[in-house]
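Based on the hints, put chain B in the right spot on chain A.
Chains as they are written, first to last, in the working numbering: chain A, 705 to 894; chain B, 705 to 894.
Warning: the hint list may mix true and false statements.
[Said to hold, decoys possible] Derived, one-sided and incomplete: chain A residues facing chain B with beta-carbon distance under 7 Å:
1. Glu793
2. Leu832
3. Phe869
4. Ala880
5. Ala881
6. Phe882
7. Phe887
Source of the hints: derived by calculation from the structure; they are not laboratory data. All residues carry an ideal CB built from backbone N, CA and C; glycine is no exception.
2 protein chains.
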Amino acid sequence: MNFQGYGAPAAVGYGSGFPGQQQQDPLYGYFAAVAGHDGQISAEELQTCLTQANFSGGYRPFNLETCRLMISMLDRDMSCSMGFNEFKELWAVLSGWKQHFMSIDRDMSGTVDSQEMNLAVSSMGYRLSPQTMSCIIKRFSSNGKISFDDYVACCVKLRSLTDLFSKRNQVQQGMAAFQYDDFIQCTMSI
Amino acid sequence: MNFQGYGAPAAVGYGSGFPGQQQQDPLYGYFAAVAGHDGQISAEELQTCLTQANFSGGYRPFNLETCRLMISMLDRDMSCSMGFNEFKELWAVLSGWKQHFMSIDRDMSGTVDSQEMNLAVSSMGYRLSPQTMSCIIKRFSSNGKISFDDYVACCVKLRSLTDLFSKRNQVQQGMAAFQYDDFIQCTMSI
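Okay, chain A solo, but in the shape it has when bound (with noise of 0.2 Å):
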């Protein structure tokens, strides 16, 4: 699964303190536009950026909820919103994650159906039984079809839920054990 560098520390030299370098990147200009003078990124200003940006398909709104994932998931400093290097890092995962969906996307109808969302998630090294993939398609698509911002929501709760999991799986027996509180805050919250 393409997405690489996620819950790890910004890089070193990204750019962050140089505000010249940052606004010599292409994608910086864009990046102002859209988060105003906060500077900061919000969910709903990152729904009109992807949609605008027509990451969707057909100019349809990209799903909020898939926003606030993404922005919970890349939020290192618990600000509900997004700087410019984590949104110049979403928009590489995006990007990426978009060449995959549209590879699995073979008769290029924009949405992905259960067959191809099953060899998708396989081929991301899942091992996950039939009900389970039953259940997740059936969660994520509409009339059976699953399009890219549902894929992108998909992806980013298997991944985080399956780290959540590892951790409590220190012994590697195949079963995790939470607390009550624990088990609350880790699922809400993705």
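Okay, now just chain B, sitting in the frame of chain A:
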């Protein structure tokens, strides 16, 4: 939390086998108009219907994700859509939640803030740490405010996740153990 009957089988004699009785119900005409010729309401149709009924306030579109979540919670026949009985049950539940929400929203702003949300969650009987409450509020708010549709999504998820946890915590030691596939199936479908 006013979500009685959720998860329970449909009440006996509820009229499901008696179209005449259903049609006498004042809500039936509305349901039939929204459901169209298939007699079932999809998440998109539910969104249209709850937006028109102004559940979200200010005639903003009701959050589609919350609609999917509610259908998923009530979908006993795994059809991904909702028949009249499920719709009627949901309508009653939502009306109860709307009243609860309005009683929390003391300044009548149409949204609740973090302090009001903390009180609401405690009054439902949940005992969560300040960190967990802070994560939840962050996840479901926009600019620190929680709208009715996000409040509903939060209540539905919290209830479902607590139920899932309780089922795996039979010995009541405050811990629940999950296998990976089970964990993913439970948490991805909510």
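Hint check results:
1. Glu793: violated (20 Å)
2. Leu832: Holds, because the Cβ-Cβ distance from leucine 832/A to chain B comes to roughly 6 Å (cut-off 7 Å).
3. Phe869: holds (5 Å)
4. Ala880: holds (6 Å)
5. Ala881: At 5 Å from the nearest chain B Cβ, alanine 881/A passes the 7 Å test, so the hint holds.
6. Phe882: This interface hint holds because 6 Å falls under the 7 Å limit.
7. Phe887: holds (5 Å)
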